[in-house]
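A.B. asks: Protein chains in written order, with the numbering used here: chain A, 1 to 212; chain B, 1001 to 1441; chain C, 2001 to 2111; chain D, 3001 to 3673.
Since the hints were derived computationally from the structure, they do not count as laboratory data.
Treat the hints with care, since some could be wrong.
[Said to hold, decoys possible] For lysine-lysine, the following DSBU-like pairs were computed, each having C-alpha atoms within a straight-line distance of at most 30 Å:
#, chain 1, residue 1, chain 2, residue 2
1, A, Lys-180, C, Lys-2083
2, D, Lys-3563, B, Lys-1084
3, D, Lys-3441, B, Lys-1084
4, C, Lys-2026, A, Lys-180
Here the structure is a predicted model, which means the values were calculated and not measured.
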Amino acid sequence: MATATIDSPDTHAADGHDEHHTSTGISNTKLAMWAFLGSECLLFGGLISTYLLYKTRRGPGPDNTTIPTDIFDIPFTSVSSFVLLMSSLTMVLALSALTRGDNQATRAWLLSTAMLGGVFIGGQVYEFTSFLREGVGFTHNPASSAFFTLTGFHGVHVSLGIVMLMSLFVASKQGKLTPKNTETVEIVGLYWHFVDVVWIFIFTVIYLIPVE
Amino acid sequence: MATTQTERLTVSDKSNFWRRIPGAGVVALLGLTLAGCASDAELDTLKPESGTADEIYGLVLPVFIVAGLVLVLICGAVLWLALKNRVPTYEGDDEFPEQVSHNNTLEITWTIVPAVIMVIIAVLTIVTHISINKDEAAAIEIEVDGEARMWDPTIVVVGQQWWWEYRYYLDEFDLDASMLEDPRDLPPADIVTSGQFAIPTGVEVDLVVTSRDVIHSHWIPRLNGKRDAVPGRFSPWKIEADDPGVYFGQCTEFCGLSHSRMRMQAIAMDEADFQQWIDMQMSPATFGEELQPYVASYRAGEPATVSEDASGVLRGLDTFVAQCASCHLVDGLNDLDYDGAEVVSGSAPNLTHFANNTTFAGAIFDLYNDDGTFNRDDLAAWIRNPNDVKANFANDLADGELPRGMPNRNLTERQISDVIDFLETLGPRPSDERIAATEVE
Amino acid sequence: MSETLTEPHVDHDDAHEHPSDWAYIKIALILAVFTGIEVLTYFESALPIFENTSVTIATLMFLMVVKFYLVATWFMHLRFDNKIFSQLFVGGLILATGVYVIALAAFEFWA
Amino acid sequence: MAITEEPLALTSGEAATVERPLGALTRPKGGNGWRDWLSTVDHKKIGIMYGVAAMFFFVVGGIEALLIRLQLAAPDGQILSAEVYNQVFTMHGVTMVFLFIMPLAAAFANYLIPLQIGARDVAFPRLNALSFWIWISGAVFLNTSWIVGGGGADCGWFCYSPNSGLAFSPSHGVDFYVIGLQIAGVASLISAANLIVTVLNMRAPGMTLFRMPVLTWMLLVTQFLLLFALPVITVALFLLMFDRLFDAQFFNPETGGDPLLWQHLFWIFGHPEVYIIILPSFGIISEIIPTFSRKPIFGYSFMVFSGIAIGFMGWGVWAHHMFVSGIGPFSVAAFSLSTMFIAVPTGVKILNWLATMWGGKLRFTTAMLFAVGTVAMFTIGGLSGVTHSLAPADSQQTDTYYIVAHFHYVIFGGGVLGLMGGLYFWWPKIFGHCLNEFWGKVHFWVILVGFNLTFGPMHVVGLQGMSRRIDTYAAGYGFEFWNLVATIGSFIIALGVLIFFFNVWKSRRDAADLPAPGPDPWDARSLEWMLPSPTPEHNFDTIPVVESEDEWWHRKYGYDENKRVVRIATIEEAAQDGSATGVHLPAPSFWPLVLALGLPLIGYGLIFNLWLAVVGGALTGLAIYSWALEPVDDPDADHGHGHDDHHDDDDDGGDDHAADDSEPVTAGAEGGE
Ligand code: HEA
Ligand code: HEA
Ligand code: CUA
Ligand SMILES: [Cu+2]
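Isolated chain A (complex conformation) (with noise of 0.2 Å):
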């Protein structure tokens, strides 16, 4: 249970910063991102359990009987989850770098984080295209359904993020990205970190456990 310790009105005066005038000295946006990034816990939670549920089932046959876990390509996906795991230190880096003041690397960064985040999808996309080829559509049985739709929205998370990732490369080049920013910086940051922590789970629960 929450015990709180009842802060004293007098600490808004040691927070000294201009734009923090808040309660508890932090940011409005980066606290609803939090709240936003619990909330998607269970989102991908339900996706990931839907999966797990699902896994196995075949569908009565013959044309549905493949499931995902048939044909895996874990070397493949490794590289892609990789790619998406290095994509988080560019993300810090070009935090890092805005807060350095830094923008030519600010830009070098984030375009890298959006391009490893585009291989990501683009071996995403090649997934989905050699599964359908294999005979594992969306609509085929409960395992291959559930594992589009998971990682589906796994995808269009990270489309969005490489969306949001260009927008801040653009602002950038046109000069509006300078170390005042740094928040908006670190909040699409959270977000990319975020999916990408997501995909930690995924890769492991998803692809590596094995099934029986």
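On the provided structure of chain A, position chains B, C and D with the ligands as indicated by the hints.
C.D. replies: Below, chains B, C and D with the ligands alone, put in the same frame as chain A:
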């Protein structure tokens, strides 16, 4: 300040018992209605007639009493406080009541007391729960085809829009789980009934509840609580009746259009009657002398032509074969070429011993009138257009869509009457006693 | 959920506490190595120990949790930031884990 | 203020002279006409709009309820066909839960949270407007299925699969249900995040969490429940949508789908949802009862913690809706036990309210009548809830009218009565005049009698075995008499609701002839009462510094040496006069509205023609983009600071900018008096 508060609370609880009259009134009213109206409420949950239902009742009753007391206490306190402490206005009143803001002892007390009550209720609940989930089924001796054998009384209950099918597997000592994979493709059963099913009295009968389309719920309140029929699942349940009689039931999970018209009846029989019932059900349909040649020719794959001036029953049989046999099975008639019904659930009631039932179409119509005659009117209305008397989705279908429910076959009045003549031969006729018992006044 | 309601401590200025780029790179290296080990479990022949499924699963789960933790604490700055962020996030995480594990258990084990 | 004087006149825009008409990227100006309502970002106006819309849907849902009752008045009812009946009860449940009671609670949350914590607005005013518009577009979308969808959804409000699948519900009703609830869900999610940040971050100096009014606390807990519960139903709705629109195989048992997955997902959301419904009402009566008892709330911290405990425990009980679905005896036992113990924190609340009334001076205004009625009626519903929690007993009760009785007692008796009380209580604050007390009392008693006549008998018929969701019942089962009583009762409720509307109309008409209520007509306790009535657009002239719980009360009263309460300041002395000028306020914007309009288009598109979805998507995209480009502040007021223009999806996207929205607002908080 805190102590006075405590004292006052306790005092009032004792001294103002009479204030609880309004609350007590509610309870009294409830009791009254339960006692009063219950006699003709066939589905009454508070009139158990079997072991399990009794146990549930035994759990509910004390909890109702506790809840009633809490209710009287709280609502009484509300009323009492309201009457005692009310003031018309604060205008010109500078006097404030004592500003009591909390009292930890008190509050902890009324956290703990309900918790303790709940612990007691929890223990009772778990005891009952375990007890009613215990499998106490014992095999009984029955005779099949003149041979005595032990039967673990088990019935597979299959819901579909909007009627119940009951399947008896008498051959198997234990119904093998591997037999139950696809409710649409169950192994052939020895006995298949619809809407009504027989159970022997005094023994626990296991039910295996499943569905061929959407979720339904099987419920015979006087014998036990409900169990959902979930497609893809075979859920164990059981019922038991102490005395012979007819026990009413109703589908209780919303299952679409005619959910309200999906009922069923359990008919509890003593040992002898039950054996008789088995014998009757195990035999193929008994056609009258007159029909035998036609049936034989039909079974041989070349149905004889029936002339216009043949008897009604024969014409009815002919119409049945042409119009109805694609969905309905009559054992001894079309069992050789029967391959499931052309409906979404893949099944329609088995009519082999149709006239031995006392209800039809989801147990919502009586098959026999009060005076014991065959209920031709309701049956005619049913065959004329089922959708008129029990809403369904079986007419005006889109391309490739299968019916849900029985379609209108556009029979002429004469054909309808003939078919009814034929259906009436699918006996034997039930006893007058049973006919009387299945009626709702 | 309740933790998330805890009155937060006053924020310190996080901008100054960001770790150096080098620290981030070190974390990324660790993550890379862990991912490598994870992938190795797939090639059972590489490390015979992973022929045992339970060992594999245990290893994978452990590595996953550590990776998750590292990204959340370092890249997402949870270890430097206001506690309330962790509370919100971990609140959601614990709730999700609890609820869904119970739901799955109701399908698999408790049925 | 003028702005709030025309609260119900949403469509009367004659007075509006808007120099800058709605055109691409043209910034709306504050004003008074209908355009102002469309572009407002003021939490008070948004709250009012939520309230008005919710009451509208109350009538819609209520008419559906009356149809249900007419059909069931006698055996073999013929008023509705089975098909229509199934749509009507489904839409009744959905409308009442998602389009009436949740938004009515949202109305209170929006209007009151900033006032109670001493803030100028919510943390993200534009997102707040967005929430409202998205919600209402979802609500309207959902109901258009009556017209364009071939009827309403017909799967019951919890829409169990596979009955909700295409094979068994081929009309578009369920599609509308699925997409409509998703849209409404997005709205609630955004609003939840917004209000959580508001409460955590926007409190006036000194307003520590444990000095917040109980209402704010309960609303906060509610927002957390929403934040975490909505994604779960979102998942369920997506899966069903994919099944229906794109042939996925989630709930088709033929191919291995499991109908129980839907049930778990729905109820993991659904049970927290019922506490989402009740907690705001608990909060409201926790404000009303102390005020009209002239005492502080008894056991503030127990009240707060029991609310948190209820919110917390609410996550571990969902399968009590599935006791008979075949989840297995062990699960049943576990969920049965966990459910029972929710009675404990709830009981604490009930008893603490009684203790607040204990020894108090109870003044029975209409608001107080409703509050006290809530305590009694909710208890009845709560106790029947406890009888359901005994799994063996529930196997007899579930899906009978006994359940229907339970949830109407808790929802109507606990939720609706409390919210009604809230309307009477805060009406003067919102509209500047009180509701007529005489008619208010008539309203209360008529509703109370009608309510008990309607839902009381359902206990009886339920225990006698009457199934719920049946369009007819046969004579001879003993159901006739009590069903007739229930039907009569429901029309008495309807009369009560009409009396309320009459009261609204009459009170408004009479308001000019009566003395203004002043800032604090009830001698109340929390900060909103220190503001003029109606609340000025800028809320506080100066942000108060809070020194105690019940701050406003303590500014009026102190204790003498005998610990007796004495007045230390009159209301007029202590209150703010609303005269501050030049307070910087967030600028209005049309983009939330435009963005919200895109979503139903996407919905129709998914159902009927994908091109429409493209149009909707384009509109949404345009709105997001324009939103991002729109200077956060009106160009006149030079408060803005540099903005990057990245834009993103509506869940997290606008936050960045909206945050900036708010900062000048808080920056304007002069930090004291
Ligand atoms: C406002 C909404 C609301 C609230 C607050 C509650 C509160 C509770 N509900 Fe209810 N419930 C619903 C709305 C709500 N419910 C709805 C909508 C459904 C049906 C959905 C559908 O099927 O369509 C439902 C269905 C429902 C079921 C499933 C029934 C079924 O379908 O088979 C169950 C089963 O356990 C249940 C239990 C409870 C319990 C134990 C509480 C507890 O929280 C109640 C606690 C309160 C008290 C107990 C009273 C006060 C306490 C005291 C005075 C202390 C002393 C008391 C004791 C010692 C007993 N509810
Ligand atoms: C907030 C929630 C809420 C509220 C307030 C209500 C309010 C009412 N409910 Fe409802 N109800 C539900 C939520 C709610 N209900 C839910 C979730 C279900 C389950 C659905 C399902 O099974 O899927 C349900 C189901 C339900 C049923 C069971 C249906 C069935 O199982 O077949 C019944 C039956 O009587 C019923 C009746 C009523 C009545 C009479 C009211 C009354 O209190 C309504 C009072 C309001 C009015 C009467 C409106 C007044 C309007 C006017 C005065 C305007 C008059 C104007 C003109 C005529 C132009 N409700
Ligand atoms: Cu079958 Cu309801
Ligand atoms: Cu519940």
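A.B. asks: Look at each hint and say if it fits the structure.
C.D. replies: Each hint, compared with the structure:
1. A:Lys-180 - C:Lys-2083: holds (23 Å)
2. D:Lys-3563 - B:Lys-1084: Judged against 30 Å, a Cα distance of about 24 Å means the pair holds.
3. D:Lys-3441 - B:Lys-1084: holds (19 Å)
4. C:Lys-2026 - A:Lys-180: Holds - the C-alpha atoms of A:Lys-180 and C:Lys-2026 are around 27 Å apart, at most 30 Å.
No hint from the list above goes unmet by this structure.
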